[in-house]
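*Asks:* Sequence:
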Amino acid sequence: MVFSSTIFLFAFLPFTLAGYYLLPQKARNEFLLCMSLLFYAVGEPSFVFVMLLSIAINYLMGIAISAVRSAGQFLRRLVLVLAVAVNLALLFYYKYFDFAVGLVNGLLHTELPLKRIALPIGISFFTFQSMSYLFDLHMGKTAVQKNPFRLALYVALFPQLIAGPIVRYADVAREISFRKSTTDDFAYGLNRFAVGLMKKVVLSNNIALLADQAFAMQEGHFGLGVAWLGAIAYAFQIYFDFSGYSDMAIGLGRMFGFHFLENFHYPYLSCSISNFWRRWHISLSSWFRDYVYIPMGGNRRGNVYMHLLVGFLLTGLWHGASWNFIVWGIWHGMFILIERLAKHRTWHLPKPIGWLYTMLV
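Here our numbering runs 21 ahead of the position in the sequence shown, where the first position is 1.
Keep in mind that the hints were calculated from the coordinates and are not lab data.
All values derive from a computational prediction rather than experimental measurement.
There's no promise every hint is true.
Straight-line Cα separation of at most 20 Å, DMTMM-like style, residue types lysine to aspartate or glutamate; simulated pairs [unchecked claim]: (1) Lys162 with Asp192; (2) Lys167 with Asp157; (3) Lys47 with Glu65; (4) Lys167 with Glu51; (5) Lys47 with Asp157; (6) Lys136 with Asp157; (7) Lys162 with Glu196; (8) Lys167 with Asp192; (9) Lys162 with Asp311; (10) Lys201 with Glu51; (11) Lys116 with Glu65; (12) Lys167 with Glu196; (13) Lys136 with Glu51.
What follows is a list of derived Cβ distance ranges for each label pair [said to hold, decoys possible]: (14) Ile374 with Asn126: 25 to 33 Å; (15) Val223 with Asn168: 40 to 48 Å; (16) Arg97 with Asn168: 22 to 30 Å; (17) Val348 with Arg97: 32 to 40 Å; (18) Val348 with Ala139: 23 to 31 Å; (19) Ile374 with Pro45: 55 to 63 Å; (20) Ala48 with Tyr114: 35 to 43 Å; (21) Pro35 with Asn168: 37 to 45 Å; (22) Ile374 with Leu250: 17 to 25 Å; (23) Gly241 with Glu283: 40 to 48 Å; (24) Ala139 with Trp344: 19 to 27 Å; (25) Leu370 with Asp205: 24 to 32 Å.
The C-beta atom is built at its ideal place from N, Cα and C for all residues, glycine as well.
Sequences and hints are given; from them, build the entire structure.
*Replies:* What follows is the structure in structure tokens.
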């Protein structure tokens, strides 16, 4: 089920809002959890059990991390590594197994069969959310959640379940336990949802018609102008689609009393690739910064350029199990390295040229 679908707009959302506000405060979390599971089950009935398995695993791992908090550093790290390994194993099986088999077949000239595993929608998002909970728990940034239904609500909450933003447990922990639903919040949420819906349905879907036609043309059957028109159209299509979804997610969250952080901040006004990644899909770039780049050493110890490149390689791989995503991640990482080197040499581009360079990249 998608937010712009008729069944969501005229059936699921009105029923969920009505039930939520008619119920007493103490029953709202359970109702919202049930509706979130139903939301996921409409599109992925069999994969609800995969998400529930992930929730159960991370609930138990959270308890284990909390239990060894006062133990030695080796044991605490061992439990964390085990918890992360289980999450990554689940993600690897569903998202990367066939890609890995294809790599082995290509390198070793073997003929291992592909499993053709169906990919559960949103598995990357709810896996990364769960791991952020474990990381923050390990670092003492949040308290363990001993109520499994509250942790399940954090992971399965339908506004951000399918395509983000990646919400960190520490940011919504208090609101999961208790939140106020005000008229101002509801009005803001409704307005934000409407803006996002307009971006998706009116802008992105219509621009996609132009982009799809350009990309569907056979090589040699179009000129330079059509190629640029298709590329520019796709740039606007993906921005209005993704930022529109984030707007709808933030708006829906606000209607139920949750305050999600912003995920986009005018990225196409950026004058460098570094600045672009501080504005585009902020929840993902900050996730890799806090849980990959800084733990590797960041810019304080080790090779900062290697840290940046690994971070962007993983960012590309997170988006999809194919070479084009890996190349895309390396492409962005390469320009991040170039900009960092240029900054150290006190070389700065004028803003108009910087903006043009960023858009071309």
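*Asks:* Run the structure past the numbered hints and jot down the numbers of the failing ones, going up.
*Replies:* The structure conflicts with hints 3, 5, 6, 13, 14, 21, 25, although it agrees with all the remaining ones.
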